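Colleague: One-letter residues, chain by chain:
4 protein chains.
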Amino acid sequence: METLNFASDYIRGAHPAMLDALAAANAGAFTGYGTDVLSESARRYIREAAACPGAAVHFVSGGTQANLTVLAAMLRSCEGVIAADTGHINAHEAGAIELTGHKVLLLPGKDGKLDASAVRAFMERFSRDENRQHTVQPKAVYLSQPTEYGTLYTKAELEAFRRVCDEYGLYLYVDGARLAYALACPGNDVRLPVLSELTDAFTIGGTKCGALFGEAMVIPDPKLLPLFFTQIKQRGALLAKGFVLGAQFEALFKDGFYERIGAPAIGAAEKIRRALTEKGYPLTPPTPTNQIFVTLTNERYEALTKRVLLGFWEQPDEAHTVARIATSWATTEEETGALIDLM
Amino acid sequence: METLNFASDYIRGAHPAMLDALAAANAGAFTGYGTDVLSESARRYIREAAACPGAAVHFVSGGTQANLTVLAAMLRSCEGVIAADTGHINAHEAGAIELTGHKVLLLPGKDGKLDASAVRAFMERFSRDENRQHTVQPKAVYLSQPTEYGTLYTKAELEAFRRVCDEYGLYLYVDGARLAYALACPGNDVRLPVLSELTDAFTIGGTKCGALFGEAMVIPDPKLLPLFFTQIKQRGALLAKGFVLGAQFEALFKDGFYERIGAPAIGAAEKIRRALTEKGYPLTPPTPTNQIFVTLTNERYEALTKRVLLGFWEQPDEAHTVARIATSWATTEEETGALIDLM
Amino acid sequence: METLNFASDYIRGAHPAMLDALAAANAGAFTGYGTDVLSESARRYIREAAACPGAAVHFVSGGTQANLTVLAAMLRSCEGVIAADTGHINAHEAGAIELTGHKVLLLPGKDGKLDASAVRAFMERFSRDENRQHTVQPKAVYLSQPTEYGTLYTKAELEAFRRVCDEYGLYLYVDGARLAYALACPGNDVRLPVLSELTDAFTIGGTKCGALFGEAMVIPDPKLLPLFFTQIKQRGALLAKGFVLGAQFEALFKDGFYERIGAPAIGAAEKIRRALTEKGYPLTPPTPTNQIFVTLTNERYEALTKRVLLGFWEQPDEAHTVARIATSWATTEEETGALIDLM
Amino acid sequence: METLNFASDYIRGAHPAMLDALAAANAGAFTGYGTDVLSESARRYIREAAACPGAAVHFVSGGTQANLTVLAAMLRSCEGVIAADTGHINAHEAGAIELTGHKVLLLPGKDGKLDASAVRAFMERFSRDENRQHTVQPKAVYLSQPTEYGTLYTKAELEAFRRVCDEYGLYLYVDGARLAYALACPGNDVRLPVLSELTDAFTIGGTKCGALFGEAMVIPDPKLLPLFFTQIKQRGALLAKGFVLGAQFEALFKDGFYERIGAPAIGAAEKIRRALTEKGYPLTPPTPTNQIFVTLTNERYEALTKRVLLGFWEQPDEAHTVARIATSWATTEEETGALIDLM
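Protein chains in written order, with my numbering: chain A, 1 to 343; chain B, 1001 to 1343; chain C, 2001 to 2343; chain D, 3001 to 3343.
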């Protein structure tokens, strides 16, 4: 029997609808580099779902690639991007943003979230700094939805970011690598049209949300990023067979599927959270999405991971390990039950 | 009925064996980032096929990505890579190498090929240049097999490159985006073990050779490129679901399939070449692989492309267009016949 | 007695007026980073001399630094700069432009000069290229005045460049590392106001033209390059004691001195050219400025360079060496006579 | 009468010995790019003073340039440098290190200083991180001596850094932009030979320590940084008239002058500190070198700065300003007395 596996939301292949879409596409012939009919159709669905008819939509293979391509296109030399210290671009992309020449300006995050008022305070201090011409110029704010800690921004919080960005001439970028799990949360009020209204660019994750791989980058106002297509090419992020991504995103967005695909993950996570809380496990931070963080003694962690694969998150001290439990669109009730029994 | 399409070798989906492999993988659960069992199995097959048990093998999504990741890892600041002016890294990657900070040092190509003696002459001139410390330091040679013009290097030619590289401390890198079409040519004597013996790194193309997408990067001596895994990640080239690439390359290399998959393309190209030559079309340059270049008047090009999709190659003057006819593993006898009838 | 030295125009210290200016400044106290009164005064003189009251003027230490800072500020990712293959940014800056991420798009130069019609032909071909979105986007033209071969552009030639640049949305940048020697040529009609009228940025060389060191970058329309000051800082090109450059450029431009300082060099070069021609030396190319290129057999070159220091230029074949004779503002009649006697 | 000026240590020209050296050099002729006899002589003096006969010594114009050139030469792609958050490379170089593609890994500084044990704790955490291959690889430690806050490391502290660097394979780099003021402190035990023994590279500041401009980069083991000369050129940091820097550093190091030149600054600072403490000003942090930091109400700051120029340091809150008082080799007893009277 297969080992129980809650290590991450990218351990499984694709939702069957993706494979069907690829099999259907396989009979056809397509123009290259994302100019094909499937990609065009996927773009139309996304623009409709995001209520943003003028948006540019581009597909790339992975999330780090999407982040670095968008942010590098936004920033001039000597401009930087503000992010929570826990932000993916700071913590787990191996310095990808810096490799494009830009500094990630760190503010302390709380439960993975940045606070609009902290950004305002930072910008006020920057504005008062008589040496600011000798420092990196803040020009964009990076958020992720859900965050790396599984938490969510509310619409009101995003509006606050938009205001501070407008005040100080900053771009607002939202990394949606796990966006389907935000959209599937009952309490979430950041729907796709909210993102296209409030951000300058955002991504829609496919890899962790049902696709074999792929992320969509949405730029509500394409004039913002001239030459973006060629820049995607230049960074090695342009797939020759763009229809492979187009077919999957068409399948993900037809009939609003993307807004439903995360539901099983959220249901399973909710059950696990309830059970763990009853058993007295401290969950820090509490999260409404498909990621659950449990602090365990190293011994307990090692014993457990012989029977269920969990994600290593961090070792806050020499005696403890924080493990991540990630559910996904593919998590079954059996798996959820088995995990709860184990813990 | 579908329009006849010889525009390129990436217009079709994947060979059915790829979809089968992905469908089979879909039932499983995998560790991330290429550490999975399918990727490991694919690596073993490739190392065996290339007679290079110690090689590092990494999979990425596309060819530009592979080229820039390998070359940037090879070169220090102020070092550059020698390439034919027709080389893909010079002509059609939107400045990807320069974006990594390195100059492409251009030598005139002939029919897409570079000459080892031209590299030697260049290095001799460089060595005599008293100002050479003020110039880019040549450190690598870029070749493609087949070249962008569909021509092939022989084993003897590669050995000559190896000698000049050894003499001057240069790395030798071969871009094999269309390698299956070289391997399927009857006259080709550059088998995979030749590449692992003579080069410092080479790639094996999947995208144009039967896969949905993907390229393998082979580094015969992994000590050459320390930190390469993290550099792949940093460039956004590391797929979270690495098994999607692993599954395809396993299917491509099981039972030596990769060495056979290009055969239909070569057969079709041979027929087309014979027919076009009989009809009096000048083919420049003559090529043994799956790409054929025909110079047409603009009028003829426009008339033809209403009935068959061809690749635009270049407009050498205002009156003519060079069209590219590309066959692939998927080209059928019917398509080949229809094209011949049309022309 | 000191060896005769015509190796270059940067072998001598500064014109006495520079040392006087520095000695005078030494008693004062100045604000940092080029905000001082001397730099401001120098800027005013330069704006006046160039008939360009709105220009931004910045001072940096060296020519490579000026070139890379201006060009990197002009270009977005995936944009490149057109230059003659003999251009300094291509040949002798160790890949500085590429290190900023940009490709130098090479056109063949003739006697160091680029032809506006060659740029137009290149842009026409680019515009017709259906794959142009997959290639580097030409965005600037680099010229040097005088060129690296000592030749000069005429005003009419610069106007032709301006027209093709306007037609295709290109910036025009002129590297004036040796500009004083152009301005001192009787036949030159490219005065400073011509440069500020026709270019988007140009530099005024100090290092080779009488200063201890330093180049001025002139941007006629500063809106073109936002954040330029901070970008200078970021590239390590901002001198804390900016007044050291300000003092020298004030001395160079007070009373129009810069337009006269090159005269002795031009007079000496003229004498040498006449003498060498009489003696039958082939001068290739013929040049009106302070650089003279003579092809010698290797034996003759070696014999000569025991008695006079000459610049090594290149070794066109194994038997010959091209030597450069450079005069400067500091060249004396005695030195000129001694050189002529020697040769 | 001139306004009293304690704004920084780079407001004055050069020590007269520098101007004399330049005037003396002005009669000569020199080979270019730092190959001249003055630069060679300066190198010999520095190697002797640092007890490091095999060291490579290069001269560049400014401190940011030195920092970015050395660190970029040390680091491969995906490697980063550890620094205090107050470190110059993090705070006031406009993102220069990031522009070279490398992340500055921040640790909290105390009074401008980093703690070796904090670096060890960071490296231990990194070593335990199972995801470390997805993160920036720490490869160097950046210190400044004196720090940006005027504090000093002891020899014992540097030894502790060396140990942790050796343990984890890190380079140790010391930015000595104000090194003369450290060397002139009675309590300092980090002499030049200590730096060449314990670091992999360090700089010796000229700009703030008596020269018109210029920094020396010392690399005790030159094999560490291959191609360094060409990389200096490529970054625009190589002065054509290298003898201008050579002359100054020869003057600075002849007869051990550099170790004495900071003494007047330290004497003046000591007097000011004593007086301010007596008057009840809080000095944070207490510093032994030529920089003094005083927190003032905004009103007091504005009133004072009408009569004496002070450095703006930061505005910790809306009501207060931290001012920096910097003395230098040029500070006179009159100025010191006048400042004390004013405050």
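Check before you lean on any hint, since a few could be wrong.
[As the list claims (entries may be wrong)] Not the full set, but computed from the structure, chain D residues with beta-carbon under 8 Å of chain B:
| # | residue |
| --- | --- |
| 1 | 3003 |
| 2 | 3073 |
| 3 | 3077 |
[As the list claims (entries may be wrong)] Here are the computed distance ranges between Cβ atoms for each label pair:
| # | chain 1 | residue 1 | chain 2 | residue 2 | range |
| --- | --- | --- | --- | --- | --- |
| 4 | A | 53 | C | 2117 | 55 to 61 Å |
| 5 | B | 1167 | C | 2121 | 50 to 56 Å |
| 6 | B | 1316 | A | 53 | 37 to 43 Å |
| 7 | A | 169 | C | 2053 | 26 to 32 Å |
| 8 | B | 1108 | C | 2117 | 49 to 55 Å |
| 9 | A | 130 | D | 3124 | 54 to 60 Å |
| 10 | A | 320 | D | 3154 | 49 to 55 Å |
| 11 | A | 53 | C | 2131 | 26 to 32 Å |
Note that these hints are calculated values from the structure, not bench results.
Computed from a predicted structure; not experimentally measured.
We put the CB at the ideal spot given by N, CA and C, even for glycine.
Colleague: Could you run down the list of hints and mark each one as holding or not?
Modeller: Hint check:
A distance limit of 8 Å between C-beta atoms decides the matter here; for residue 3003/D the minimum to chain B is near 44 Å, and the interface restraint is violated. Contact between residue 3073/D and chain B, as hinted, is supported at the beta carbon level, the nearest pair being about 7 Å apart and thus within 8 Å. Hint status for residue 3077/D: holds, given a least beta-carbon distance of 5 Å to chain B, under 8 Å. Separation of residue 53/A from residue 2117/C is about 44 Å and departs from the stated range, judged on CB atoms against 55 to 61 Å.
Distance hint check for residue 1167/B and residue 2121/C: the Cβ-Cβ separation is about 39 Å, which falls outside the suggested range of 50 to 56 Å. Between residue 1316/B and residue 53/A the C-beta distance comes to about 41 Å, which sits within the given range of 37 to 43 Å. Take residue 169/A and residue 2053/C: their Cβ atoms lie about 28 Å apart, and the range 26 to 32 Å holds. One distance hint, 49 to 55 Å for the beta-carbon pair residue 1108/B and residue 2117/C, is violated here, with the actual separation near 22 Å.
At about 39 Å, the beta-carbon gap between residue 130/A and residue 3124/D misses the expected band of 54 to 60 Å. Against the hinted window of 49 to 55 Å, the Cβ-Cβ separation of residue 320/A and residue 3154/D comes to about 35 Å, which falls outside the hint. Look at residue 53/A against residue 2131/C: about 29 Å separates their beta carbons, and that is inside 26 to 32 Å.
Hint compliance for this structure: hints 1, 4, 5, 8, 9, 10 are broken, all remaining hints hold.
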